[in-house]
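Enquirer: Let's have the full structure, built from the sequences with the hints guiding it.
Going down the list, the sequences are from chains A and U.
Just so you know, we're using my numbering here: the first sequence kicks off at 144 and counts up by one.
Just so you know, we're using my numbering here: the second sequence kicks off at -10 and counts up by one.
It should be emphasised that the hints constitute simulated quantities derived from the structure, not laboratory data.
From a predicted model like this one, the values you see are computed outputs, not experimental measurements.
What you were told as hints is all true, and nothing was included just to trick you.
35 Å max Cα-Cα, derived DSBU-like pairs, lysine-lysine:
(1) U:Lys46 <-> U:Lys180
(2) U:Lys305 <-> A:Lys237
(3) U:Lys305 <-> A:Lys172
(4) U:Lys82 <-> A:Lys237
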Amino acid sequence: MDIKELRGLIKLVTDTDITEFELENADEKIVIKRGTQPEIVHVQAPAAAVVAAAPAAPAIPAAAPAAAPASADAPAPIVGETINSPIVGTFYRKPSPEAEFFVKEGDVVEAGQTVCLVEAMKMFNEIEAEFKCKIVEILKDDTAPVEFGDPLFRVEKI
Amino acid sequence: MTTSTTREFNLLNLLRNGSGGWISGAELSRQLGISRAAVWKQIEQLRQEGFRIEAQKSKGYRLLAMPEELTEAALTMGQVLPIVGRRVITLGKTDSTNLQAATLGAEGEAEGTVVFADSQSAGKGRRGRTWCSPPGTNLYLSLLLRPAIAPWDAPQLTFLSAVAAARALRNVSRLPITVKWPNDLLVNGRKVAGMLNEMQAESEQVGWVVLGIGINVNMRREQFPEDLRYPATSLALEVGEDVSRLAIARELLAELDRAYAVYLRDGFAPIRSAWLELFPFVDRLVEISGAGETVSGRVTGVDGDGALLLVDDRGKELRILSGDVRPL
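Expert: Here it is, written out as structure tokens:
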């Protein structure tokens, strides 16, 4: 399903009173949930299925399934490899407010190195790089709320 | 054995041999060949290690109780613990039981292992804070679990350990225990236990979860740090007498095991409702800080994921996933 079809689907669902919508076939799984929160769309698909406009999207690495969020107003897709949030929570770039950042833009990190924390309800998840890579862009601010599957870092595999 | 611990050992022997229990400071000073100020300093050291020593101006010192030993046998003897406490590791002083349990998790340790320590040099609090962990007086433990759940469901376990610990504390101390979202335990509005959890996950599967629990059991008023962020207490301070660490720890293992069995069988719903019964903050005004901007509002409840729901003064609904809650 491409972004246009996804948009159409979201509109179709949000025009009704449906609060949750799930569609699954051999290739992809789409979940649309709505409520008092901003509408959140989770898309899960095998790596080959293109979820954004990125041509032949590479497998999305790190601790998240090949997933990309899209809101009803479809933000610009992130091209390239990303490290994504495996849970909904609060994104921390430092182990404590006084500490140094785990990583900065331009840093090269080893496989297994901690790049950030995501916390929800006092459950802390240390997110590690799955392979040696360069941190090209940090996509969220320290202490920002993040959704499941949100890209946190754009990285370049080394 | 260092000189100072040899001296403490001698002091302990003198205290144990004192007629009628009491031995004067002057007598201790003479027998040990040290000043009375040095005797007092050593008495303080022994108290820090969990010895209960009474002091009275006219009579001197008296040994009331030895520190209660936490051993694997004492913790598990006679208990039926299918998962939690299948293996119990008791450490003297360690850096942090969470760190120890996480290391075991990374090494492939089976679930159910519990690491206890008598004291911690780097007990973990939220966001790099330390959990005050003196020896001989409190409980510090971490439980390693490997539930077959997705990472986004793992925060549910925060509520599981809060419910189990609240039950254990209530069963042994008979005190009214409440929870402050998500998992601090309170007695009369003061914090008596804190919990911090960590997880490691692959894309759609939790690898391991460590549930860390710290309980102020017999901590005395002067042992609390001065810069506490939230008013704190201990079970002993609330009950008015010492509480058995061992009794609390044994009950806690049993309650954790029970709650985990319920969670594996019936999911989060029964854990969430048990937690809600302990939560007195609905309809109260609270402030949330420590995770981005500080917000405040009236508590309306907790949603199906465990997130705290608030309504702010403009009627806007807020969904809180992390932060420190303080009643206003």
